[in-house]
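Model the full assembly from the supplied sequences, consistent with the hints where possible.
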Amino acid sequence: DAKTTQPNSMESNEEEPVHLPCNHSTISGTDYIHWYRQLPSQGPEYVIHGLTSNVNNRMASLAIAEDRKSSTLILHRATLRDAAVYYCILRPPGTAGNKLTFGGGTRVLVKP
Amino acid sequence: EAQVTQNPRYLITVTGKKLTVTCSQNMNHEYMSWYRQDPGLGLRQIYYSMNVEVTDKGDVPEGYKVSRKEKRNFPLILESPSPNQTSLYFCASRALARSYNEQFFGPGTRLTVL
Numbered sequence: 070d071a072k073t074t075q076p077n078s079m080e081s082n083e084e085e086p087v088h089l090p091c092n093h094s095t096i097s098g099t100d101y102i103h104w105y106r107q108l109p110s111q112g113p114e115y116v117i118h119g120l121t122s123n124v125n126n127r128m129a130s131l132a133i134a135e136d137r138k139s140s141t142l143i144l145h146r147a148t149l150r151d152a153a154v155y156y157c158i159l160r161p162p163g164t165a166g167n168k169l170t171f172g173g174g175t176r177v178l179v180k181p
Numbered sequence: 055e056a057q058v059t060q061n062p063r064y065l066i067t068v069t070g071k072k073l074t075v076t077c078s079q080n081m082n083h084e085y086m087s088w089y090r091q092d093p094g095l096g097l098r099q100i101y102y103s104m105n106v107e108v109t110d111k112g113d114v115p116e117g118y119k120v121s122r123k124e125k126r127n128f129p130l131i132l133e134s135p136s137p138n139q140t141s142l143y144f145c146a147s148r149a150l151a152r153s154y155n156e157q158f159f160g161p162g163t164r165l166t167v168l
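In the order they appear, the protein sequences are chains S and X. Numbering follows the numbering used here, in which position 68 of the first sequence is assigned residue number 137; successive positions increment by one, without gaps. Numbering follows the numbering used here, in which position 99 of the second sequence is assigned residue number 153; successive positions increment by one, without gaps.
Because the hints were derived from the structure by calculation, they are not lab data. Among the hints, erroneous ones may be present.
25 Å max Cα-Cα, derived SDA-like pairs, lysine to any residue [stated by the list, open to error]:
(1) X:K71 with X:K111
(2) X:K71 with X:M104
(3) S:K168 with X:G94
(4) S:K72 with S:R150
(5) S:K138 with S:T170
(6) S:K168 with X:R98
(7) X:K123 with S:G166
(8) S:K138 with X:S121
(9) X:K119 with X:L142
(10) X:K71 with X:M81
(11) S:K168 with X:K71
(12) X:K125 with X:T59
(13) S:K138 with S:Q111
(14) S:K168 with X:T109
(15) X:K123 with X:G96
(16) S:K138 with S:G98
(17) X:K125 with X:A149
(18) S:K168 with X:S121
(19) X:K111 with S:P161
(20) S:K168 with X:T59
(21) S:K168 with X:T140
(22) X:K71 with X:Q57
(23) S:K138 with X:E156
(24) X:K123 with X:P137
(25) X:K111 with X:N155
(26) X:K125 with S:T141
(27) S:K72 with S:K138
(28) S:K168 with X:M81
(29) S:K180 with S:D151
(30) S:K168 with X:G96
(31) S:K180 with S:P162
(32) S:K72 with X:R98
(33) S:K72 with X:S121
(34) S:K168 with X:E124
(35) X:K111 with X:E55
(36) S:K138 with X:L168
(37) S:K168 with X:G162
Owing to the predicted nature of the structure, the values given are computational and were not obtained by experimental measurement.
Written as structure tokens, this is what we have:
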């Protein structure tokens, strides 16, 4: 499986943007880039995904490098509720993509 | 509300006493799976099911059983629990229609085996 590399932790102030980097230099051409987050004492929840183009949804934005070897999850205005572990995951298409391979993720601390 | 539910949320048991953790989803998803989460090891898949009566091993299936008799339910069975199965367990489901469909996770079951 292609691997992702993320910083262990990041800190942000409330209401400021947070940029979470993810390196995936061995990504294949058909792998989707997914982000999940895990709030304290909860199961992981989907945040956003993309293939080649940048993506926006109500939770976040995903910026994908042109060569697809890295991506950045952007939380535009961090709130205390955004404190969580964020996981960058590569998902191949088809049945191989059913299993999510979680790495260590980035623990985001939001300071009031 | 679309959700995955697990019961119980917390369980303390003793070695060798059979237990079942239930998982149910109300989204008519074909695919369901079980993960365990341990410090420093991340989430690892135990078993998965592509549909009713179709199950297969994940990465760490030893000591676990599953069944999928109905589409909505996917119980995890520990026939003879041991202390190394003390962990946080998550059930997940997703629709198989598209490759990028998100997975929905349950709230977790924290199991302690003494």
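Status of the hints after comparison with the structure:
About 23 Å separates the Cα atoms of K71 of chain X and K111 of chain X, which keeps this hinted pair within 25 Å; it holds. Taken as a hint, the K71 of chain X and M104 of chain X pair is broken in the structure, with Cα atoms around 29 Å apart against an allowance of 25 Å. Annotation: proposed proximity of K168 of chain S to G94 of chain X holds, straight-line Cα distance about 19 Å (limit 25 Å). Among the hinted pairs, K72 of chain S with R150 of chain S is inconsistent with the structure: their alpha-carbon atoms are about 28 Å apart, more than 25 Å.
With a C-alpha separation of about 18 Å, the suggested pairing of K138 of chain S with T170 of chain S holds against the 25 Å cut-off. Taken as a hint, the K168 of chain S and R98 of chain X pair is honoured in the structure, with Cα atoms around 9 Å apart against an allowance of 25 Å. Restraint check: the Cα-Cα separation between K123 of chain X and G166 of chain S comes to about 24 Å, which is no more than 25 Å; the hinted pair holds. Under the criterion of a C-alpha separation no larger than 25 Å, the hint pairing K138 of chain S with S121 of chain X is inconsistent with the structure, at around 39 Å.
Taking the CA atoms of K119 of chain X and L142 of chain X, the gap is near 17 Å; set against the 25 Å cutoff, the hint holds. Taking the CA atoms of K71 of chain X and M81 of chain X, the gap is about 32 Å. The hint is violated against a cut of 25 Å. Only pairs whose Cα atoms come within 25 Å are accepted, and K168 of chain S paired with K71 of chain X is rejected, the gap being roughly 29 Å. For the suggested pair K125 of chain X and T59 of chain X, the alpha carbons sit about 14 Å apart, so the restraint of at most 25 Å is met.
At most 25 Å may separate the alpha-carbon atoms for a hinted pair to count; K138 of chain S and Q111 of chain S exceed this at roughly 30 Å. Using a Cα cut-off of 25 Å, the hinted pair K168 of chain S and T109 of chain X holds, with the two alpha carbons roughly 13 Å apart. A threshold of 25 Å between alpha carbons decides the hint, and for K123 of chain X with G96 of chain X the separation of about 29 Å lies outside it, so the pair is violated. Proximity of K138 of chain S to G98 of chain S is assessed by CA-CA distance (about 10 Å); at most 25 Å being required, the pair is judged to hold.
With a CA separation close to 12 Å, the supplied pair K125 of chain X and A149 of chain X stays within the 25 Å bound. Under the criterion of a C-alpha separation no larger than 25 Å, the hint pairing K168 of chain S with S121 of chain X is consistent with the structure, at around 18 Å. Simply put, K111 of chain X and P161 of chain S have alpha-carbon atoms about 19 Å apart, close enough for the 25 Å limit, and the pair holds. Taken as a hint, the K168 of chain S and T59 of chain X pair is honoured in the structure, with Cα atoms around 19 Å apart against an allowance of 25 Å.
Proximity of K168 of chain S to T140 of chain X is assessed by CA-CA distance (about 22 Å); at most 25 Å being required, the pair is judged to hold. Distance hint between K71 of chain X and Q57 of chain X is unfulfilled; the C-alpha atoms sit about 29 Å from each other, more than 25 Å. In summary, the hint linking K138 of chain S to E156 of chain X is supported, as the alpha carbons are separated by about 22 Å, within the 25 Å threshold. For the given pair, K123 of chain X sits about 29 Å from P137 of chain X by alpha-carbon distance, which is inconsistent with the 25 Å threshold.
A distance of roughly 21 Å separates the Cα atoms of K111 of chain X and N155 of chain X; the hinted pair therefore holds under the 25 Å criterion. About 36 Å separates the Cα atoms of K125 of chain X and T141 of chain S, which puts this hinted pair outside 25 Å; it is violated. Of the supplied pair hints, the one linking K72 of chain S and K138 of chain S holds, its CA atoms being roughly 11 Å apart against a limit of 25 Å. Proposed proximity of K168 of chain S and M81 of chain X is supported: the alpha carbons are some 19 Å apart, at most 25 Å.
This hinted pair checks out: K180 of chain S and D151 of chain S have alpha carbons roughly 11 Å apart, not beyond 25 Å. The hinted pair formed by K168 of chain S and G96 of chain X meets the criterion: a straight-line CA distance of about 13 Å does not exceed 25 Å. This hinted pair does not check out: K180 of chain S and P162 of chain S have alpha carbons roughly 38 Å apart, beyond 25 Å. Of the pairs offered as hints, the one joining K72 of chain S and R98 of chain X holds, with about 15 Å between alpha carbons and a cut-off of 25 Å not exceeded.
Using a Cα cut-off of 25 Å, the hinted pair K72 of chain S and S121 of chain X is violated, with the two alpha carbons roughly 31 Å apart. About 21 Å separates the Cα atoms of K168 of chain S and E124 of chain X, which keeps this hinted pair within 25 Å; it holds. Proposed proximity of K111 of chain X and E55 of chain X is contradicted: the alpha carbons are some 30 Å apart, above 25 Å. Under the criterion of a C-alpha separation no larger than 25 Å, the hint pairing K138 of chain S with L168 of chain X is inconsistent with the structure, at around 45 Å.
With a C-alpha separation of about 17 Å, the suggested pairing of K168 of chain S with G162 of chain X holds against the 25 Å cut-off.
When the structure is compared with the earlier hints, violations turn up for hints 2, 4, 8, 10, 11, 13, 15, 22, 24, 26, 31, 33, 35, 36 and for no others.
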